[in-house]
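**Q** For the protein sequence lines, the chains are A and B, in the order given. Note that our numbering has the first sequence beginning at 1, numbered continuously upward. Note that our numbering has the second sequence beginning at 1, numbered continuously upward.
Note that these hints are calculated values from the structure, not bench results. All values derive from a computational prediction rather than experimental measurement. There could be a bad hint or two in this list.
No farther apart than 30 Å at their CA atoms in a straight line, the calculated lysine-lysine pairs in the DSSO-like style are these [as the list claims (entries may be wrong)]: (1) B:81 / A:41; (2) A:44 / B:81; (3) A:54 / A:15; (4) A:78 / A:41; (5) A:41 / A:15; (6) A:15 / A:44.
Sample of chain A residues at the chain B side, in silico, Cβ under 8 Å [as the list claims (entries may be wrong)]: (7) 7; (8) 42; (9) 45.
Glycine included, each C-beta is placed from N, C-alpha and C at the ideal position.
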Amino acid sequence: EAGVTQFPSHSVIEKGQTVTLRCDPISGHDNLYWYRRVMGKEIKFLLHFVKESKQDESGMPNNRFLAERTGGTYSTLKVQPAELEDSGVYFCASSHYRSGRANEQFFGPGTRLTVL
Amino acid sequence: GQSLEQPSEVTAVEGAIVQINCTYQTSGFYGLSWYQQHDGGAPTFLSYNALDGLEETGRFSSFLSRSDSYGYLLLQELQMKDSASYFCAVREEGSYIPTFGRGTSLIVHP
Numbered sequence: 001e002a003g004v005t006q007f008p009s010h011s012v013i014e015k016g017q018t019v020t021l022r023c024d025p026i027s028g029h030d031n032l033y034w035y036r037r038v039m040g041k042e043i044k045f046l047l048h049f050v051k052e053s054k055q056d057e058s059g060m061p062n063n064r065f066l067a068e069r070t071g072g073t074y075s076t077l078k079v080q081p082a083e084l085e086d087s088g089v090y091f092c093a094s095s096h097y098r099s100g101r102a103n104e105q106f107f108g109p110g111t112r113l114t115v116l
Numbered sequence: 001g002q003s004l005e006q007p008s009e010v011t012a013v014e015g016a017i018v019q020i021n022c023t024y025q026t027s028g029f030y031g032l033s034w035y036q037q038h039d040g041g042a043p044t045f046l047s048y049n050a051l052d053g054l055e056e057t058g059r060f061s062s063f064l065s066r067s068d069s070y071g072y073l074l075l076q077e078l079q080m081k082d083s084a085s086y087f088c089a090v091r092e093e094g095s096y097i098p099t100f101g102r103g104t105s106l107i108v109h110p
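Excised from the complex, chain B in its bound form:
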């Protein structure tokens, strides 16, 4: 089976940088995704890492270390609209089905 751990809540101020960590346990790791969900909205795909290293997309970056079974989502120049829940999700080899974590609620203060 699979399990993922991520913090339940993170708070930060506008303009700051925040890192949301995700650790996972899986028998056959394939890749790690990140999704953003605003209250009442649809989860939206942010990034996907299959190889070690940092993937940058604008203000958001995602990092993966396969040897440490660990990844993180880095949000820079935080804006109020970044307040949302962020989910990490793991895919196993041979499966299209991601297993989601419980989500991290990010609260951005002025």
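For reference, chain A alone in the conformation it holds in the complex:
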């Protein structure tokens, strides 16, 4: 079974540019989460989809961040315009909705975003 995949693995952009990150969850996983980790700090929650619906987006830092999950499959996270403080590693994770192990989230390898 394929794991969670993310694209790109690295992205270096200039302040003011736009970047779109993609996440493909494990097939059949209804829950999809986005997180961000700034170096040396905690893995911080951004938002949670259940299928195509945004269940919780309380962690989104501001309206420069837009997440979508059309059709309830893959998800994109767009940052527009990017600022220096947006640099970090963006992780995507998925889990099965009704699994007894819904606590277990499967993480992707992350996208390392550097804003110059």
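Let chain A serve as the given structure and place chain B on it in line with the hints.
**A** Structure of chain B alone, referenced to chain A:
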């Protein structure tokens, strides 16, 4: 809100036993998870405790004391490949969203 405390770094030698502690504050505790992350890799689920006591999975064990708002991850027979960051994460009642600690960097020496 929630907060978690775990040591920033722990060092140990190969073959030894190491314990990584995690204390938390939360309004409605549901469960505590542990994740492992190697440099440049994806965090990987290790264990989950909802009830008091010790859960053992091979060389790794996780303990929870709800009354003390405390848990730990115990790694036995340490191997070089265990060098990684270890995160504890708390779930609140009614939420699927875990709150992660800052992670503990475990360095295993030969």
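**Q** Does the CB of residue 7 of chain A sit less than 8 Å away from some CB of chain B?
**A** violated (14 Å)
**Q** Hint residue 42 of chain A vs chain B: min CB-CB distance below 8 Å?
**A** Holds. Min distance 5 Å.
**Q** For the pair supplied as a hint, residue 78 of chain A and residue 41 of chain A, confirm whether the alpha-carbon distance does not exceed 30 Å.
**A** Distance of about 22 Å is within 30 Å: holds.
**Q** Would you mind confirming whether the straight-line C-alpha gap from residue 54 of chain A to residue 15 of chain A stays at or under 30 Å?
**A** holds (28 Å)
**Q** Has the given pair, residue 41 of chain A with residue 15 of chain A, been kept, meaning a C-alpha gap of at most 30 Å?
**A** holds (22 Å)
**Q** Within a Cα-Cα threshold of 30 Å, do residue 44 of chain A and residue 81 of chain B meet the stated pairing?
**A** Cα-Cα ~26 Å, so holds.
**Q** Take the shortest C-beta to C-beta distance between residue 45 of chain A and chain B; is it under 8 Å?
**A** holds (5 Å)
**Q** Mind checking the alpha carbons of residue 15 of chain A and residue 44 of chain A for me, to see if they're no more than 30 Å apart?
**A** holds (22 Å)
**Q** Residue 81 of chain B and residue 41 of chain A were given as a pair; does the straight-line alpha-carbon distance stay at or below 30 Å?
**A** holds (23 Å)
Consistency note: the structure conflicts with earlier hint 7 alone.
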